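Enquirer: Residue-level listing of the chains:
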Amino acid sequence: MASNLALFTAARLRDGVVTLVLVTLVIFLLGHVVGNPAQVMAPVDAKPEDIARLAAQLGLDRPLPERLVSYFGGLLRGDFGTSLWQDRPALTVVLEALPATILLTLAGLVVAGLLGTILGMLAGALPDSPLDRVANFVSVAALSVPHFWLGLLLIVVFAVQLRAVPTSGFTSWQSLILPVATLGLVHGARVFQLVRSATFEEMTKPYTMVARSKGLPERIVLWKHVLRNTGVVIATTIGWEYVRMMGGAAFTIEVVFAWPGIGLLTITAASRQDFPVLQAAVIIAGAFVIATNLLVDLLYGLFDTRLRAA
Amino acid sequence: MAPPLLEVRDLRTTFPTERGPLHAVDGISFSLAEGEALGVVGESGSGKSVTALTLLRLFGPLARPRISGEAVFAGGDLLSMSDAGLRRVRGAQIGMIFQDPMTSLNPSLPIGEQIAEVLRYHRGLNSGAARRRAAELLDLVGIPDPRHRLDDLPYRFSGGMRQRIMIAIAIACEPRLLIADEPTTALDVTVQAQVLALLGRLRRELGMALMLITHDFGVVAAACDRVQVMYGGRLVERGTLRQVIERPNHPYTEALLHLVPRLDSPLGERTQPIPGQPPIVIGSSVGCRFAPRCTYANERCQQEDPPTFPLDVGHSSACWFANERGTVREVGE
Amino acid sequence: MATLETPLSRVEPRLAPAGMGAWIANASVYVWAGFLVVAALIAITGTLFAPYDPTSQNVIARLLPPLSESRRGFHWLGTDPLGRDLLSAILAGTRLSLFIGIASTGVGMAIGVSFGMWAGYFGGWVDRVIMRLSEAQTAMPMFLVAIFFLIVLGPSVLNMLIILPALVWPVFARIVRAETLRLRDQSFIEAAVAAGRTPGAILWSHILPNVAPRIVVLAVIEVGHVMLAEAGLSFLGVGIQPPDSTWGLLIARGRPYLAVAPWLAIMPGLFLALTVLALNMLSRRYAAVSGSAG
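So the sequences go chain by chain: F, X and U.
With the numbering used here as the guide, the letters of the first sequence map in order to residues 1 to 310.
With the numbering used here as the guide, the letters of the second sequence map in order to residues 1001 to 1333.
With the numbering used here as the guide, the letters of the third sequence map in order to residues 2001 to 2294.
Fair warning: there could be bad hints in the mix.
[Unchecked claim] Restraint ranges, calculated between C-beta atoms of paired labels, are given here:
hint, chain 1, residue 1, chain 2, residue 2, range
1, F, Val-157, U, Leu-2181, 25 to 31 Å
2, X, Ser-1285, F, Asp-128, 26 to 32 Å
3, U, Gly-2154, F, Val-157, 33 to 39 Å
4, F, Ala-164, U, Trp-2125, 35 to 41 Å
5, X, Arg-1019, U, Trp-2023, 38 to 44 Å
6, X, Ser-1285, F, Leu-131, 54 to 60 Å
7, U, Gly-2200, F, Leu-131, 49 to 55 Å
8, U, Ala-2033, F, Phe-303, 52 to 58 Å
9, F, Arg-244, X, Ser-1029, 57 to 63 Å
10, U, Pro-2242, F, Arg-244, 26 to 32 Å
11, F, Val-69, U, Glu-2135, 23 to 29 Å
12, F, Glu-218, U, Trp-2023, 51 to 57 Å
13, X, Arg-1019, F, Ala-164, 36 to 42 Å
[Stated by the list, open to error] Listed below are several chain U residues computed to face chain F (Cβ distance under 8 Å; list not exhaustive):
hint, residue
14, Ala-2033
15, Gly-2034
16, Val-2037
17, Val-2038
18, Val-2145
19, Pro-2155
20, Leu-2228
[Unchecked claim] Straight-line Cα separation of at most 20 Å, SDA-like style, residue types lysine to any residue; simulated pairs:
hint, chain 1, residue 1, chain 2, residue 2
21, F, Lys-224, X, Thr-1185
22, F, Lys-224, X, Leu-1125
23, F, Lys-205, X, Leu-1125
24, F, Lys-205, F, Leu-299
Hints are computed from structural coordinates only; laboratory data are not their basis.
Predicted model only: the values in this text are computed from it and were never measured.
The beta carbon of each residue, even a glycine, is placed where N, CA and C say it ideally should be.
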């Protein structure tokens, strides 16, 4: 049993590493082979000769295999190049922005998890009730609207009109409210749908009727008996939702709310034509997503083996 | 005479469907005395299980039937009681065990907890006392080494043992009535006998009444004092065990009895299932509901619904031929 | 006979749904479908129905709120800082938004369905390679890679049409592969093989028609997803660039004026939201109706 787990972990780790290598390779191909870093970094009106000269300066005219090796060598050493705009190691710039992203996404995940689980269980236990119909519609709507637009809408309503919260930036803990609400709504919607259907299915199983026949009130049947059985599904759904969040939505939200995380950094670096920081941001963010994916995978595997032993 | 423990009058349970109202239970009345064992017999679809579920109003989130009639239990009408009141009755005054022990227990909760929660909720025991009592109950129902098995999950027990655990849960608060819905159907024959013996023993020790729902007359014969036969949501025959088994009147009862394999039947003779299917009665129906499958049915049976004819003390039957058949047929022991 | 005799298992005819709820559900299908038809019409006819030329500036009538009048006429949705009519701009953006969404999904679908069928039918190393590719891509932060791709190679419609299908093909591949595996072992396939038909012919005329319904439902949903992705990329500035226009770009253009003229950013988003909502509602309804019938 333990060796099975070890094998499983090892296999997943291997997959994670392979994916990371793949991502860095793709970044290299896109950035250095198909695209031209010199072109990205050069002024907009630069002439081809200027770009070529810049490329030579950056050592971009070396043969491809040599550049590939130096690229990977640099990554492994932690050398992601130097930021043009801040004249510091690109990696440092990126790592400074990482905590803000983690804070935002974790807070968003907590809200999404709570919202989705509580409403999902209630809706699953009371199918076709007004609560169910409304929550269902809202969840479909939340998944249909552009999340950045939703963020803008919330800004207009709560920050501009009602002046209840700051419009953007990271000035105080209140700055968290709107971006977290946006993430929580959008990702909570999917959690809701899954929890609802899982709960509904459990409620049709005989043991819930038996629990009721014991005289237990409905709230105990739902929150004690059913939750015991849906808990694993809920936890893994939330885990996957975090991966999805990191994979895209979080960064656009950062831009909408001027939240100083990796997403905002990426776009800012792009606008400043700072290729090293841009490349570093994408790689580090990618690594983070892959690591999270791996973690959720491992947790799920852990639960699964425990369940299977049971 | 003491008032009956349970008195049911004109119970009707109707489900709204796209094709019309489905009359799962269509006006049945019966009573049950303290400590008495009543067998409710019929095939699937006769309405016997729905009767039990109606008494405790145990329908799930999707099914919302219309229920009418009265079911007076220990002074209160179960059908019009508040939800809070009904919850006090469930598990404490009326216990219920279900057919499939594999799916009736929560797979993720230790069995000790599934018993203890009933005790904590209804009797207010603290967790230590509830645990001890749970172990005693497991011992009572014949689970070996109960104290060490309290924290085991249901998957560690066989079907027969799980059914015993269900029984332990149902009798934990020493209810006055135990409803058993096909308790032995999913079990091996040998285990069936053990479970029935257990039920009988518990009945005697706790003075509990029993309502035993089954399609198998063999089970009824082993455990019940009185019998009532249901078909198409109605009661077609009722009487004491001897009356119904030795002198069955209604053709359906007779057919059901023939399904029970007998020691003195010729070797190789197979029991014939009753041809046809029990009806799902949607909307109104005309005539006796058993007529389509009845070997004796005549035109009157198809046109007019037979009333209940009394045959003997406590024995009655709803068949147009009741009085003709009453004393003629003798089915041996 | 040995089943727990609960009404749930016995009552095969569906329990009667609440009258009002069913009516709303049915009527709403027409509403959503109608909305999509109108959107498609607008996309096809271009600016024919636009009240004004979306690029014509009228600085005097700048930043007017919705339902206001200017010398030119009535502005349903107001004007932007250069006096351009917002409704016209939104209508003009419809074409490219829908085109990119549908075209990208189409390409992704073509790739995904082909890969899925090959993987499911041939198995072996083809299957392994395709599945590894699909898994690797799903594990990657594709949106990030898309951003990087567009920054480095330059934002353009063509590049969008390259990267957006990449976001979407694994979804199709997975489902089609599962369906193909299921169908592969059925006797009508064996018969075709015995009759000497080539794998290509079998895939095309036997397997594809059977997976088509599921693909259509999936495609409708994915068009919505792709449109949202395009809007996100254009909003970030790495997607469509002026003078082209999509709803995402319009939202970005309106963003700096959020405090004084919120309608500039909100209205285009509303159109996008309604379109994707219509797609989602229709496909959910279709799934609900066909699921219970088949």
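Enquirer: The structure should be examined with respect to each hint, and the outcome stated for every one.
Expert: Do the hints match the structure? See the list:
1. Taking 25 to 31 Å as the suggested C-beta distance range, the pair Val-157(F) and Leu-2181(U) does not conform, at roughly 49 Å.
2. In this structure the hint that Ser-1285(X) and Asp-128(F) lie 26 to 32 Å apart at CB holds, the actual value being about 30 Å.
3. Our hint of 33 to 39 Å for Gly-2154(U) and Val-157(F) holds, since their Cβ atoms are close to 36 Å apart.
4. At about 59 Å, the beta-carbon gap between Ala-164(F) and Trp-2125(U) misses the expected band of 35 to 41 Å.
5. Distance hint check for Arg-1019(X) and Trp-2023(U): the Cβ-Cβ separation is about 19 Å, which falls outside the suggested range of 38 to 44 Å.
6. Our hint of 54 to 60 Å for Ser-1285(X) and Leu-131(F) is violated, since their Cβ atoms are close to 39 Å apart.
7. Distance hint check: the CB atoms of Gly-2200(U) and Leu-131(F) are about 52 Å apart, consistent with the given range 49 to 55 Å.
8. Checking the proposed 52 to 58 Å range against Ala-2033(U) and Phe-303(F) shows it is violated: the Cβ atoms sit about 42 Å from each other.
9. Evaluation of the 57 to 63 Å hint for Arg-244(F) and Ser-1029(X) yields a pass: the beta carbon distance comes to about 59 Å.
10. Range check, Pro-2242(U) to Arg-244(F): about 31 Å between beta-carbon atoms, so the 26 to 32 Å window is met.
11. Remark: the range hint 23 to 29 Å for Val-69(F) to Glu-2135(U) is upheld by a beta-carbon distance near 27 Å.
12. Here the CB-CB span from Glu-218(F) to Trp-2023(U) is close to 30 Å, at odds with the stated 51 to 57 Å.
13. Range check, Arg-1019(X) to Ala-164(F): about 54 Å between beta-carbon atoms, so the 36 to 42 Å window is missed.
14. Hint status for Ala-2033(U) relative to chain F: violated, with the closest Cβ pair at about 16 Å, above 8 Å.
15. Hint on Gly-2034(U) is violated. Least Cβ distance to chain F is approximately 17 Å, over the 8 Å limit.
16. The beta carbon of Val-2037(U) comes no nearer than 18 Å to any beta carbon in chain F, farther than 8 Å, and the hint placing it at the interface is violated.
17. Annotation: interface hint on Val-2038(U) violated; nearest CB of chain F at approximately 17 Å, more than 8 Å.
18. The restraint placing Val-2145(U) at the interface with chain F holds, with a minimum CB-CB distance near 6 Å, inside the 8 Å limit.
19. Because the closest C-beta pair between Pro-2155(U) and chain F is about 10 Å apart, greater than 8 Å, the hint is violated.
20. Interface restraint check for Leu-2228(U): the shortest CB-CB distance to chain F comes to about 5 Å, inside 8 Å, so the restraint holds.
21. The straight-line distance between the Cα atoms of Lys-224(F) and Thr-1185(X) is roughly 29 Å, outside the 20 Å bound, and the hint therefore fails.
22. Distance check on the hinted pair: Lys-224(F) and Leu-1125(X) sit about 19 Å apart at the alpha-carbon level, within 20 Å; holds.
23. Note on Lys-205(F) and Leu-1125(X): the hinted pairing is violated, with a Cα-Cα distance of about 29 Å set against a maximum of 20 Å.
24. Restraint check for Lys-205(F) and Leu-299(F): not satisfied, since their Cα atoms lie roughly 27 Å apart, outside the 20 Å limit.
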